[in-house]
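Participant: If you read the protein sequences in the order shown, they are chains Z and Y.
Position 636, counted from 1, in the first sequence is what full-length UniProt numbering calls 636; the numbers after and before it change by one each time, with no gaps.
Position 173, counted from 1, in the second sequence is what full-length UniProt numbering calls 173; the numbers after and before it change by one each time, with no gaps.
No wet-lab data here; the hints were simulated from the structure.
The structure presented is a predicted model; accordingly, all values stated were derived computationally and were not measured.
Heads up, some of the hints might be wrong.
Only part of the chain Z face toward chain Y is listed, based on derived beta-carbon distances under 7 Å [unchecked claim]:
1) Tyr-40
2) Gly-43
3) Gly-47
4) Ser-49
5) Val-73
6) Thr-77
7) Phe-78
8) Asp-102
9) Val-105
Taking lysine to aspartate or glutamate pairs in the EDC-like style, the calculated list, with each CA pair at most 20 Å apart, reads [said to hold, decoys possible]:
10) Y:Lys-206 <-> Y:Glu-178
11) Z:Lys-561 <-> Y:Asp-118
12) Y:Lys-85 <-> Z:Asp-97
13) Y:Lys-21 <-> Z:Glu-62
14) Z:Lys-278 <-> Z:Asp-366
15) Z:Lys-341 <-> Y:Glu-40
16) Y:Lys-94 <-> Z:Glu-226
17) Y:Lys-203 <-> Y:Glu-174
18) Z:Lys-93 <-> Z:Glu-55
19) Z:Lys-510 <-> Y:Glu-76
20) Z:Lys-294 <-> Y:Asp-91
21) Z:Lys-489 <-> Z:Asp-523
22) Z:Lys-435 <-> Z:Asp-102
23) Z:Lys-278 <-> Z:Asp-311
24) Z:Lys-80 <-> Z:Asp-28
25) Y:Lys-82 <-> Z:Asp-97
26) Y:Lys-82 <-> Z:Asp-96
27) Z:Lys-525 <-> Z:Glu-62
28) Z:Lys-91 <-> Z:Glu-52
29) Y:Lys-94 <-> Z:Asp-250
30) Z:Lys-435 <-> Y:Asp-75
31) Z:Lys-53 <-> Y:Glu-40
32) Z:Lys-292 <-> Y:Asp-91
33) Y:Lys-85 <-> Z:Asp-532
Here are some chain Z residues the structure puts well away from chain Y; computed CB gaps all over 12 Å [said to hold, decoys possible]:
34) Tyr-414
35) Gly-512
36) Trp-704
Even for Gly, the Cβ is constructed at its ideal location relative to N, Cα and C.
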Amino acid sequence: MKQLLYLLCIISQFSLIAQNTISGKVTDTKNNPILGANVYLDGTYDGTSTNEKGEFSFTTSEKGTQTLVISFVSFETFIKTANVISLKNLKIKLRDDVNSLDAVVINAGTFEAGEKAKVTVLKPLDIVTTASALGDVMGALQTLPGTSTVDEDGRLFVRGGEAEETQIFIDGIRVFTPYTPSSNNIPSRGRFSPFLFKGIAFSTGGYSAEYGQALSSLLQLNTIDEPVEEKTDLSFMTLGLGVGNTQIWDNNSFSINTSYINLAPYQEAFPDRNTYKKPVQSLNGEMVFRHKFKNQSLLKMYGAFSYTDFDVIQDDINYEDGFRFGLKNRNLYFNTSYKNKFGNNWRLETGFSFTNDHSNIKIIEDVVTDNENSMHFKVKLKKSFSNQFKISFGSEYFLTDFDEDYTTDTNQQYTYGFNNNIFASFVETDIFFSKNLAVKIGIRAENSELLNEFTLSPRTSIAYKVNKNAQFSLAYGQFYQNPKNEYLKFNHNFKAENTSHLIANYQHTKQGQIFRIEAYFKDYKNLVKYNDNYAVYTSNFNNNGEGYAKGFDVFWRQNGKIKNTDYWVSYSYLDAEREYKNYPTTATPNFASKHNLSVVAKHWVENWKSQIGFSYNFASGRTYTNPNEIGFLNNKTKNYKSLSLNWAYLIDQQKILYFSASNVLGTQNVFGYNYKNTAESNGNFNRQAIIPSADRFFFVGFFWTISDNKKTNQLDNL
Amino acid sequence: MKKSILLIVLLFTVLISAQTKYQTGMQKAFDLWEQGNMTEASQLFERISKAEPTKWMPSYYVATIETITSFGLKDETVLKSKLTKAQEFLDVAKINSENNPEILVAQAFLNLAYIAFDGQKYGMTLSGQNNQLYAKALQIEPESPRVILAQAEWNIGASKFFGKSTAPYCSEIERAIELSKKEKIEIEFYPKFMLKRAEAVLKQCKE
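Next up, chain Z with everything else stripped away, as it sits in the complex:
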């Protein structure tokens, strides 16, 4: 019996020793051996790493059908299920993982900011530490190429397009009224505080079929998914006060930011060129609620309220007592979005937004009341068939209900408005032929109820990676947008305005530096024309306008090569002409300056605990019409120059003192000229320069964060 037991033990030992050898060689698709790949039988301890020749060999006591797994960073994992006996002298080629970080990126036309972006041109902190931006997202984006400096307006003018040609989206959902209202020659700002957002994608053309109703440009802002800590922020500024708070509980979080701005004390200390009957005051509140479900799906609800009022008299050559403009605006915006992954690599994104914008405007003695209600619904599905092939498709519906009441000084009343409802669907596919070659093809269909028009916009882009650091991209697309509210309120018999974009891009990136150059051609068709000095109720409108814009943009950014210094340079060359509005002939519009240059630099001074920065903006002269000479838009202003400085001092971990000054050199910039309607007796028209309301602007703020761990500060808010 003992012998039997002994024998049994031996056999059982032996069976453990009776092993199979698994061996083979791992290479990439070009037969280069891969060193250090992890080779193992799934669910067992048996495995090894490949050697310098890419070879591996290990023994296993496993029997029958097993799964061999070979994995290595930036390659697709290889899986083979077979009988262990057959797993010998294998020749395995690993395929490049097209999702890996060094793969090609389809990026013609797009700048991305944020941690997730493969190539970042702007960091989240840049928005708040760029001297000329004054904490405004739009201000920071104006230091990127493709934008024109239109300092008296403040909105984004991209590649020879008007400001309305740029659409703004929060979490994929449209924002209908993104800018705060302001009077003539006073720049408006974005309504949104930059620190609720974690990522920004700014596209200056050639964007995806997912987005429509934008002729020139697209700005996508993504709110933070999960705030990291509970805290209270207090801000004391020369312009007003701010309070913010974040709460986190279970899978929920809630952030609120409010601010009250009143320019009265500032204007008392530094009077500008305008006479304020009521200085600008505004009250803003924003809140975000986020809930993460058990299945990792995410619900975000964003709400913003703002109220602005002012009453100002501005000098005007045509009005002896000045031009009076008063405004009361309230704006409510609500946006909710939901993201979920389900089934076999499906992804669902859906959302809804609602805007109510109400303005009471006083223009000299006339009174205008505007009321706009807009909504956007969107559903998008994305299916990933493999790493090489993905499809996304979806539908959306835009509703805009705009009404205007106009009461003249003689008490005549006019009421008009429109319902602009648009249904759109899109489908798009991403194909990666290899890690170096990718294509995106999409098409978008839109149906406008108001214009009774159906449009189809094909979009496509291709990117090819030449080597580790460099790649080329090309993009082409058709873009349609309904005429702006200013025209739709008077006339509905329109077609959608149209452009096509053709873009070629070269990008070279290295650690800490990026260089890109992009050339483009835009062809505009069906632009709105009218016959009066201004578009009015009685104007005759048509769609016969056209134009083009062509040029190139250059961007260079380097970080750390000069110690503690980060800088970027943007240059844009723009050649744009249009025949639209009431233009008698083809001409370069007033907002399109030929050369735009921005230089932004930031330097951290360790000993002073300070970040010191400057930004310099240059724009060549802008066109204006001089009625004393023959022609239309026949003259150019002098060049625009502005140097801004900023200084952030960290008093301690929770207190920051911030100082900034714009146009420190006090350059007298001129945006254009306003000519008198009637000529003098000698036949000459007198003129008045359109200039900023103040040459310089100063800002001082103290920011204090109160949180449990006493380590965070609002440097990210500045």
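Put chain Y on the given structure of chain Z with help from the hints.
Facilitator: Using the frame of chain Z, we list chain Y on its own:
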């Protein structure tokens, strides 16, 4: 009787071999680690984690090794792919052991690797997260010498940056060393307190 002995022997053999498989595997991985074969150690932990999908420690160690070896890297692509891998394994560990202070500290360590690489880009969002992670770990296990040491190191870094005294944290390190001597770890292969490192940091702190 004889049959039952046989049965017991057989059963015992099976049991032992099942247990030792994990033990020998883990031990071998630690040996590789000690010899400096980081890649192989990490890959062995990776295999163990795939074979033992309910255990948190193998994936915890994969994440830890990938994080350690990413410090000092110059190429962002390599750094990101290593840390993405570390994050995947840390997420597996989190599912297998919820609210584990060791994993919370490992997450803070992973974040630190990003911050150390590019403070401007990652510091703003991740440093707040780290404060929160240490606070949470300490709440769960207020006497853990590893958590106390990690938090003290993090705070010393911040204080140095702001030119503040690091003195309050020196005593924390001393306390961590004391606690580590009293601590009894009963779970095999549980993360150990790194006394040498603690002593080195303490020495630096007092300077």
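Participant: Which hint numbers does the structure go against, in order from smallest to largest?
Facilitator: 6, 7, 9, 15, 21, 27, 33, 35
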